[in-house]
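Engineer: Chain by chain, the residues:
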Amino acid sequence: MVRFENVGLRYGLGPEVLRDLNFQIEPQSFQFLTGPSGAGKSSLLRLLFLSLRPTRGLLTVFNHDTSTLSKDSLATLRRRIGIVFQDFRLLDHMTTYENVALPFRVMGKDESDYRNEVVELLHWVGLGDRIGALPPVLSGGEKQRAAIARAVIARPQLLLADEPTGNVDPNLAQRLLRLFIELNKSGTTVVIATHDISLMDQYNCRRLVLHDGRLHAYD
Amino acid sequence: MTDMRTDLQIDQELMTSRAITILPRGETPIVPKRSIAGRALVAVVAIMTFLASLTTGAVMLVRSSAVEWQSDVAREVTIQVRPVAEKNLDAEVARAVEIASAVPGVGQVRAYTKEESAGLLEPWLGSGLSLEELPVPRMIVVKLPAGVVDLAPLKKALAEKVTGASLDDHRAWIGRMRTMARTTVAGGVGLVILMLAATVLSVIFATRGAMATNRPIVEVLHFIGAKSGFIAGQFQRHFLMLGLEGGLIGGGLAMLLFGAAGIAARMSAGTAGGDQLATLFGSFALGWGGYLAIVAQIVLVALVTAIASRRTVSRTLETVE
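Chains as they are written, first to last, in the working numbering: chain Z, 1 to 219; chain W, 1 to 321.
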């Protein structure tokens, strides 16, 4: 699904923040991405999310060499990837329903085609009674679930989550992790970037550890 | 059964029914319709369009007035008959009138009477003036129709047949007038260009400012897989409408102002002040050309706003990627 071959990344003329990355992410796999602050987790997520291109090496996503793709092709490919941001990034002037439905709207789908699907998903993540609420009145946990719902509504093949449990209490963190596991069981490849060792200890899966720009995979 | 429901059940039912009823029927625009930055942009666009429209209208008024003055003077020539010893001035004047009337293409020819000539000198020499005692030249006003009339034969005939006659076609005056009118119009055009440049620049900067608050929206759309054209289109449409709104407010107010000034000028026609204004600024009517220029400015400002937003989106996307 995703393949890194000798990938390096630097910003401008600065030093390489990621060096000699060689690893693969298999379809329907579940992995944690971890490492100390400044190790390059966010940069690696941006590479995975096609928001950055490597400065050297080969990055293949869904069998496409990202260095050869046009911006529009990257946007099309990005629709197969869902991302959950640590700061949610919900649009404050749109309701929870509209935020979650946004990926469909961007694809140019008619509202009547996705309406039921969005409502169903919102109920599934426990936001059935918050459909018409605007993000500023949602709690942290509700925002997080709305952000997750938006990331998975278009059934992405790859789901990336950046510190998804960073802003919630341990109880909700457990529930969110179970949600990711459910999604993985239904066929979605999941990569969760986290500092939370206790969270990782609860689920025995592959760990990708970044240290000083280099990546070590522990299967 | 109903009585047996718990409060919690009733609450849940109410919440569910509320959720269904508040499900949006129409889609909220991706770019928020009303924001503080958006309103500030409309205000900037409105003010700048108003000022630019006022400048353009004023320059067009001055230009048309200058052309009117020029054509008024150009449609008239004057024959001056100086008194010469042993010559009957009245007879010379009558001959000059006869010669002038005979020239093809010449309109009305009228000699100033002695009283009218005295009236012309009254501000300097006082009333009760007897022209018989002074060697004051007599004036003949020759009206010319629109178009070119060759005055050379008239000049020649006057020089030959009327003693002391000379023809003044106001060439020097018209020359000065033309120079003044051209300078005024050139200055005005320069002013309009500067004003438009200031309008365009302030609209661009105000648009960028308004766009800065929308950066999170651009990023979110980008991350969920929206193509650059889709994102740029959303903002371009939104900002085109903001630009049009501001432009219509500013340009519309300027048009109303010119319309009201025109009506006021027509109503004050005949009064001393009104006539003075009419002499200086013509009829104060902007004309279709002026109103079209203002409409063109409104469209220009709206397009500049839309293009500036599109360029800002492109730049934002470049920094996101």
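Be a bit skeptical, because a hint or two may be false.
Said to hold, decoys possible - Below, simulated DSS-like cross-link-like pairs (lysine-lysine); rule was C-alpha separation at most 27 Å, straight line:
hint: 1; chain 1: Z; residue 1: K109; chain 2: W; residue 2: K156
hint: 2; chain 1: W; residue 1: K87; chain 2: W; residue 2: K33
hint: 3; chain 1: W; residue 1: K161; chain 2: W; residue 2: K114
hint: 4; chain 1: W; residue 1: K161; chain 2: W; residue 2: K143
hint: 5; chain 1: Z; residue 1: K71; chain 2: Z; residue 2: K109
hint: 6; chain 1: W; residue 1: K227; chain 2: Z; residue 2: K71
hint: 7; chain 1: W; residue 1: K143; chain 2: Z; residue 2: K109
hint: 8; chain 1: W; residue 1: K155; chain 2: W; residue 2: K143
hint: 9; chain 1: W; residue 1: K156; chain 2: W; residue 2: K87
Everything labelled a hint here was simulated from the structure, so no lab data went into it.
Engineer: None of the hints should be skipped; say for each whether it holds.
Structural biologist: Verification of the supplied hints:
1. K109/Z <-> K156/W: 88 Å, violated
2. K87/W <-> K33/W: 87 Å, violated
3. K161/W <-> K114/W: Answer holds: K161/W to K114/W is near 22 Å, not above 27 Å.
4. K161/W <-> K143/W: 21 Å, holds
5. K71/Z <-> K109/Z: 21 Å, holds
6. K227/W <-> K71/Z: 8 Å, holds
7. K143/W <-> K109/Z: Not OK: K143/W and K109/Z at ~76 Å, beyond 27 Å, violated.
8. K155/W <-> K143/W: Holds, because 15 Å separates the two Cα atoms, which is no more than 27 Å.
9. K156/W <-> K87/W: Holds. K156/W to K87/W sits at ~20 Å (cutoff 27 Å).
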